[in-house]
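Chemist: Sequence:
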Amino acid sequence: MEFRLLGSVTVARGAGDLPLGPAKRASLLAALLLRRNHPVPLRQLTDSLWDGEPPARARSVIQGHVSRLRTLLDAAEASTYGVELATQGAAYVLRMPEALLDAHRFEQLVTRAQEQQSVADAVVMYQEALSLWQGPALTGVHPTPPLQAAADALEEMRLTTVEHLAAGYGRLGAHAQAAAVLRPESIAHPLRESLSAALVTALQRAGRRSEALDCFHQTRRLLAEELGVDPGDELSDAYAVALRGQRGQDGPRGPLPRGQDWRHDHEGARSAPTVRTSPTARAEDHRGQDHRGAAPGAAGAPARTPAPPARYADALDLMPRAPRGFHGREAELAQLSRAAATEAPICLVTGPAGVGKSALAVHWAHLHHERFPDGRLHADLRGFSDTGEASAMDVLREFLLALGVAPPRVPESVTRAAALFRSLTADRRLLVVLDNVRASEQVRPLLPGGSECVTVVTSRYRLRGLIASDAARPVPLGVLGPQDGTDLLAAVLGADRVLAEPAAARRLAELCDGLPLALRVAAARLADQPYLTLTAMAEELSDTTRRLALLDAEDTGVRAALHLSVSRLPAGAAHQLAHLGRHPGTHIDREVAAALAGTGVEEAEAALDQLAAAHLLTYGAPGRWVLHDLVRLYARDMETDPRALPRLLDHYIATGLAAAGAAERDGQPCFPLHADFHAPAHVRDFRDRDEAMAWYAAQREDLALAATAAHAAALHGRAWRVALSLWPLMVWRVLDGWAPLLYTALDSAWADADLHGQSRVLALLGWVLTEEGLTEEALPHLEAAPLLAARSGDRSGQATALVNLSLAQASLGDLDQAARGCVRAAELARAAGDPTTERLALYHLSRHQLDSGDWHQALESTTAARAAHAPDTRSPSRVLLLAATGEALVGLGERTEGIRCLDEAAREAESTGFDEGAERALGALLHLSAEELDAPDEEYTVHGAAYRARYDKVRARQSVRA
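In my numbering, the protein residues as written are 20 to 981.
To be clear, the hints were calculated from the coordinates, so they are not data collected in a lab.
Incorrect hints may appear among the rest.
Beta-carbon label-pair distances, calculated as ranges [said to hold, decoys possible]:
| # | residue 1 | residue 2 | range |
| --- | --- | --- | --- |
| 1 | E529 | G344 | 16 to 22 Å |
| 2 | D571 | E389 | 46 to 52 Å |
| 3 | T130 | D70 | 29 to 35 Å |
| 4 | R643 | D571 | 26 to 32 Å |
Ideal placement from N, C-alpha and C gives every residue a C-beta, glycine not left out.
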């Protein structure tokens, strides 16, 4: 873990920086870090966050930011590093080891450099100290006076260190390098005379007298124009020396480290760093001539790196051999080519472990080798390796040596080596492939300088920082489709073996999640066992307890690849992944994740985003993520909390009740909560019926899987409740095959010995079976349901059960008994204060009366139902009541009004996707149209054709779902 002030205020750990959030939170952290290990009073924090009068709620705002910081630090396991954000009276203190702060390490390195006896050692320490800077100090905070003063103080220390470094280079005779260090700082701080004086001296001693004189005159003019003053003694003296043309004088000009006799440090000069020339001088050297026309190695000229070989392109090729058996990926290869067609592109190939990112990059490199006449470089940065990451310096050294730089001339610091690499590639057409990158900061020092160079980066992470800072163009790589997966198997095993078992080959591709690594391991196992059929292999992989083991081969395989990805995760993300393995479904939202891991929704969302960035999850619909099977199997082997599944089930129960309440505003909960119910920290608030029904539709599969998992885990009280929570969707989509889920729920209700649950599930199951035309099978369930409800004291449940029983009775021709049951149901619902069930009973009473041809009684029943409680617009109740009212009016001879009601019901049902209601209303309209086909008025015939088309469309949708 590292805290950074020298650049953007960040906390770096693991796979990336902690998400600090708004600028005020970064300002608060900066104020605490500047006074680390000391209490910072609330007043000082207030001054650091607000410039001027703070708001009345400043204390609460600070407390909120402190709380969020603590949460972030806890999630990052900061305590294991000795970090604690504590409250101390009316102050806060950030306790931490000093070495974790970059500003402290910077000061320590500068102090040590000043105490060195060796010039060379001092220079190395100054270089290391300056390499800690990532930009202007305290970037990203509010520029309040206290923080601005701190940033200015740090910047002053940096500039002083730059001057120390330049003086050290001068003592070592590396005047061009001193000038290269000083020039950008002099441009950025043109009124700082000490920088200009040092630059004038360095340029003069490097033999660049005209540049030295020009630098002095630019500064002199600025001082006169901006401040109305003349140059001071130090700058004037440097100018006088430049005028005399004295080169290579190593007098003690400029700030020097303490304790050093610079005039006698011959030992230090001999042990100087191997870097000796500025980027400009090096670029000139590689062209074989410096700016004065002297040949390399001429007397008085700085030593130069030899020019690269004439047949440069022939020698410069570090690319691995083309991957064997590469197949498919035409779309991704084309996308990579498009991304590489821009100026100085960085192409970012990302995807999960084992998806073939490296193979794609290398394959593309070999396809397009003619585009890069100056060569191809490749480096494995080992960002996900057990052996540790490759350092930027190691990679740069390899690249520079390949570019023809002699070993003694390779710079020792990353900054200088990166500068040399950029200068050497400035005018070349070069391909650089940086493979297996973990973080954006690994890439930046390795980027070439030429506008015609192409860089291809591969990573398991999305590397948003590289996209933001360097305009990297993402080329996402997904898993293979079934056909490409079987083609890959054929490429390894031979086409004949795959064509002999095409269905099994396709099944193997599915069981391997379309992951090329998994498919290759499976193919290797098959190739090693020629008598093992693809069908047998698919059967073995179908066993989820063995699948990952079967997809391992020696030191490679899916489990090993996933282990390397997971080992790089922040602790919070790894904790979340372990618990996601307990999710019985495949789709995850932040509430589901929070319930599984026992965290807040914000923490869960941050962890999900980190997992998606590492391609351990994929983004699905907005706000939802998908966990693939192989990752789930790996996660199940991780240590987790046994309460994860119960928490998830309770989340589903609570959310299902909330959705049912929004779908039927005047309805009552269809079950009470169980005794050990664990209330979720957050329950979604549904604004209206449409939002609730959309949630049901999106969650249907996962809710069914959750109920099944609860039954398997003997969590029976939760199992039947989760299943029942889907009742509004069952009403909306009655023919969607609900019976298997309801039978599972019934088993759990019996095992739970809960009369309420038994009666409710029996009533719902019996109704579904009746609607499916299985009345004989439904009747025993429906007859038992009212009796169990009465025994449990559930009058609303008893009323619902009687209504559902009446439907079965009516379908068997006993309309009188069905009507009596509905009348009794309406009475029970009214006594229970349940207008929704009362309306339901009256509606079905009207249906039985319509079937008997009792139009007046049917219209009275629909009128009473609508008066009991006006149903919400777009609800099934409103559609059904409108349709029944229309049929009754038509039966009474009021055809125009009756058709209007039926047409309104049909259109409302179609617009909301209520196919059962649309089918009923359109069926009635079709019947009426058929009666009028012989009439002279063609309007009915035209309407009939339209009704038929709409009716057939609804029926087709129902057939597809069935």
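Chemist: Give a verdict on every hint.
Modeler: Evaluated hints:
1. E529 <-> G344: 16 to 22 Å: With a Cβ separation near 20 Å, E529 and G344 satisfy 16 to 22 Å, so the hint holds.
2. D571 <-> E389: 46 to 52 Å: About 40 Å separates the Cβ atoms of D571 and E389, which means 46 to 52 Å is violated.
3. T130 <-> D70: 29 to 35 Å: With Cβ atoms ~33 Å apart, the hint holds.
4. R643 <-> D571: 26 to 32 Å: The hint (26 to 32 Å, Cβ to Cβ) holds, given that R643 and D571 are roughly 31 Å apart.
When the structure is compared with the earlier hints, a violation turns up for hint 2 alone.
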